[in-house]
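**Student:** As they're listed, the protein sequences go chains A and B.
First residue of the first sequence: 1, per the numbering used here; consecutive thereafter.
First residue of the second sequence: 94, per the numbering used here; consecutive thereafter.
I should point out that these hints are in silico values taken from the structure, not numbers from a laboratory.
Mixed in with the good hints there might be a few duds.
Mimicking DSSO-like on lysine-lysine, the simulated pairs with C-alpha atoms at most 30 Å apart in a straight line are [claimed, not checked]:
#	chain 1	residue 1	chain 2	residue 2
1	A	Lys75	B	Lys746
2	B	Lys677	B	Lys407
3	B	Lys585	B	Lys369
4	B	Lys585	A	Lys75
5	B	Lys639	B	Lys936
6	A	Lys75	B	Lys586
7	B	Lys243	B	Lys392
8	B	Lys407	A	Lys75
9	A	Lys75	B	Lys582
10	B	Lys918	B	Lys683
11	B	Lys589	B	Lys683
12	B	Lys171	B	Lys905
13	A	Lys62	B	Lys512
14	B	Lys393	B	Lys243
15	B	Lys243	B	Lys363
16	B	Lys752	B	Lys683
17	B	Lys677	B	Lys363
18	B	Lys745	A	Lys75
19	B	Lys746	B	Lys600
20	B	Lys247	B	Lys171
Pair by pair, the computed Cβ-Cβ distance ranges are [to be verified]:
#	chain 1	residue 1	chain 2	residue 2	range
21	A	Ala46	B	Ala1151	35 to 45 Å
22	A	Ala46	B	Gly962	46 to 56 Å
23	B	Leu109	A	Ala46	34 to 44 Å
24	B	Ala977	A	Ser35	30 to 40 Å
25	B	Asp606	A	Ala46	17 to 27 Å
Ideal Cβ placement from N, Cα and C applies to all residues, glycine included.
Chain by chain, the residues:
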Amino acid sequence: MISFDQASYEKVLAALDRTNCRGFTLFPLTSGRGSNTGEPHFGSHAWPSTCSTIITIVEDEKVDRLLERLHDIDKESEMLGLRAFVWNVEKTI
Amino acid sequence: MSLYEGAVRRPIMTSLVFLAIVILGLFSLSRLPIDLYPDIDTNTIMVMTYYNGASSEDIENNVTRPIENVLNSVEHLKHLTSNSKEGVSVVTLEFEFGHDIDALTNDVRDKLDMVSNALPNEAQTPILFKFSTDMIPILLLSAQAEESQKALYKILDDNVANPLARIDGVGSVSIVGAPEREINIYLNPQKMEAYGLSAAQISAAIAAENRNITGGNVDIGSNTFSVRIEGEFNDPQQMQNVIVGSRNGINVYLKDVARIVDDVQERAQKSFTNGKQGAMVIIQKQSGANSVAISNAVKKQLPSIQKNLPSDVKLGVIVETSENILNTINTLTETILYAMLFVVIVVFVFLGRWRATVIISITIPMSLIASFIYLYATGGSLNMISLSCLSIAIGSVVDDAIVVLENVTTHIERGSDPKQAAIHGTNEVAISVIASTLTMICVFFPLTMVTGMSGVLFKQLGWMMCVIMTVSTTSALSFTPMLCSQMLKLQKKQSKAFKVFYTPISKALAKLDDWYTARINWAVRHRITVIIGSFMIFVLSLVVAKLVGIKSEYFPANDNGRIGATLELPIGTRVEKAEEIAEKMTSMWKERYGNNLRVINYRVGQAGDSNTFASMNSNGDYLISFNITLVPSNERKIGLAQVCDEMREDCKKVPELAKYRILMGGQQGGMGGQNTATFEVYGYDMEATYEYAAALRDSFRNSPIITEALVSRSDYEPELVVNFDRDKLAIYGLGLSDAAGHIRNLINGSLMSYYREDGEEYDIRVRFEPTARQSIIDLENLLIPNNQGANIRVGDVATIEESSIPPTIERKDRQRIVTVTAVLKDGYALSEGVDLGNQLTEKIDRPNGVTVQVAGSYEDQQDANRDLGTLGILIIVLVFIVMAAQFESLTYPFIIILSIIFALSGIIFALCLTGTSVNIMSMLGGIMLIGIVVKNGIVLIDYTQLMRERGMGLIRSAVVAARSRLRPILMTSLTTILGMVPLAAGHGVGSEMWRPLGISIIGGLTVSTIMTLVYVPSMFCIFGANGVKLKRRKMRKQRELQAYWNEHKQEEMLNAQAFSENKK
């Protein structure tokens, strides 16, 4: 699951493409705030920015590469904020 | 996909759409007519009724009154005025502005049909006449001539008037000051008497000789010929041998009793230009045509026309209304360009990014150009109002773009990609951009609903501002983000030159930020002091206004470089005397004003009957009409009003002048003339009202602030009355009208025939020698033939006595009235004149039944004040509603609305400091300020509220918000203020019209911006602190209640149970 500022959508998509991750699901409008730093993304008057969230299922060997690329994006614009979380897929159809 | 997202994703489409708007706008601009004011619809209808032979009082009672009574019920009537003079009644209906004059004309016609039976039988059918501004000539040409003087009328008619009249849009071309050719047959009274001939006989004989007759057809062989007898004279001298009668069997020829003079009309106006005799050509436009276009077309033709004229006839321009219009519009265009430049500089200084500055400089002209499409579509014109509207709009148009730009920049700096930053940055501020546009529309839309004269001016302004605001918001939400996504990028490295240039600026700005933060830190902690201080400043401004005394006027005086002057000698003075005085004045003024004077033209003398232009203006042997044109106001140091004042002083020194009237601007009733206080004296008794009016006029004349005072009622005109004795007429076998007809023939001449030459007709006028009609005795010696062929002397059947024609009876709203007008000296305002007049009217003993009322432009001013006052309140309410909706609160809008009073203080200070008077333009400035001032407040409060929502404390959020909003507020205020500086400080042609507007906006905005920056955070803290206290109290009460409930729950429930059981 990748949660990021709306503005980073294209960069995240590029990262997915470059890592050859085809499938994903996008939640274009999500909101939330980071645990330690960064501005909340509430889409409200006070905090107008909002996040998008992507859930993608990635082969194990690609995970690190993808995370690295995502981390690069996050470092490039820390103010926007980008977080990715990995967990196992138990079952699918 | 939202508007901005679409725009950013499709940059080509977006830029081409806006390019199309620009192209359409420029196309419209090239087609727009140029004028001084927006089209002012006609609102006056005149009803003229001729009733020959009736005295002014008869006319008043029998014609004017019945017409007035019935017309008084026409809808939308503002004033009903009438003039009843000998033989004619003129009723003028003035309607409220903004109603369809054609529908009103039909109403008037219907009402007149109702009254036609009540009018005297001899009175003619009333004629309806719509007065319009089209009747004011747009161009006066002069023709100077030497040896061609006598033939000048024909030369001008053939070579100038006819070609000019063919130009598209030219209504009529008339020639004044050149007498027309006339064949005069002067009869010798002694010889006439000796041969027993009368003037009628002679003119009948001439008419009988001067004819072409057809004689039927003749068949010759196989052809048919028509027979024609050509008897018309082809040389006036041929008339010499006309047989006019016979005496003792010998023919009497015309040459025996008369001389034939092929000359010009005896009585005609003479026109002198720059001291040289000539004529004047007057060009009027067709209704709805554009003066500037026609004027240009006429001037383009002039060189080729000049080529066809004899070498001694020189054409020149006396008055050209279009020149002033063009100069004014050019000055205004220049100020708009300056304003744009200033705005761009301000944006650069505050944003510190040249790319951002380029974006702003592209978006400003675009919204302005779009408004031309609106103007073209609605048939508007480029005029003073629409152009000053552009210059006002510049400041507001940038605001929207700046807000978007700033937020997008913030996003980019946070690391967003420009495209994403443009979309999301715009998304975040879209609502507040729309809200601020709504507040501006709330200010300007009500302007479109103003009625009256000011409504005519403001309607266009209101619509234009609404259009510009809408376009600018649309472009800020689509075009600006698109440009941002294309042009903006993260500035990773600044160039060296930029650093050298911009570092001092950014340091100064940072210092300003710190300084302001320190002040605001103090202010929010001493908020009661700050608020009291702020209101003290407001009170102080009121005190200053009271002490200095703000003057008021209706409309600023406009320096168009034209003066119209009418000098009156005592009625009955001969034309030669008038000519002499006119010449003296001309040379005096020519010497004094030298290069400042461009053309000085005057007309003297009585115009002929056939001259329509002259007969519409007052003329007479004792009158001198001047038309003076000075060089444009930016090329001379002396003001037009000052020149007028000096000319009045000169006139005062000429003892021969009975009356003089110097009209600044050259025409009556227009806007922008000198301040004139008008007092109406009502009362039935003509003597009493006149006496009172004259006393008022005299006391006005003694006042140092009045340069000219006049009473509207004219003097008695001298006349000679021939009283026939009916008994004696009967004895001699004469009828009265017969006898009167003969007298007319001998003096005025009998017209029975025309002399034809080159397709033109000239009158053949038969009358007595001029030397035989110069005294009362001459008149008594005139001969009237009777039926028996004997000649009777007028003296035998009539007495001739000197008398005078009573003056015109003027009425307004069905009451007799005399108007006293007092023109104020340069630099004095209308309000001073009105105050003076009110004092004077108190001092002068007023006879019973006489009432006095202030009218004229003061009345208009009062109307406008009332209208604009109502408008101001309406605007404030609307703006309040928009703000309350935006903030979802009633307190914040209240804080912001209250800051408007500081704008008022600013206006007062600025007006007092510059000595400008309050007029319609400065009031307009005040109304526009509401929108701008409120915007500043909104920005500040909105951000403070944001800070609080982000969890800051009350005082800290106020301080942080104030610091962070200082630059945007300063920037928007400075763009508006600097945009106004060229208006307020300009010295070009017409600048005196919009200077008050510029001054009031600069003053009001400067003070209100400073006050907003200090007052709003303090006020916010006061209300905020109160809110916090209230909330705490509420919470405490709730807590206590809860504690009580927890403790006494059981008890309370039992009580309630007992209560309900009791009830059962």
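**Student:** For which of the previously enumerated hints does the structure constitute a violation, in increasing order of number?
**Tutor:** Of the numbered hints, 1, 3, 8, 11, 18, 19, 20, 21, 22 do not hold.
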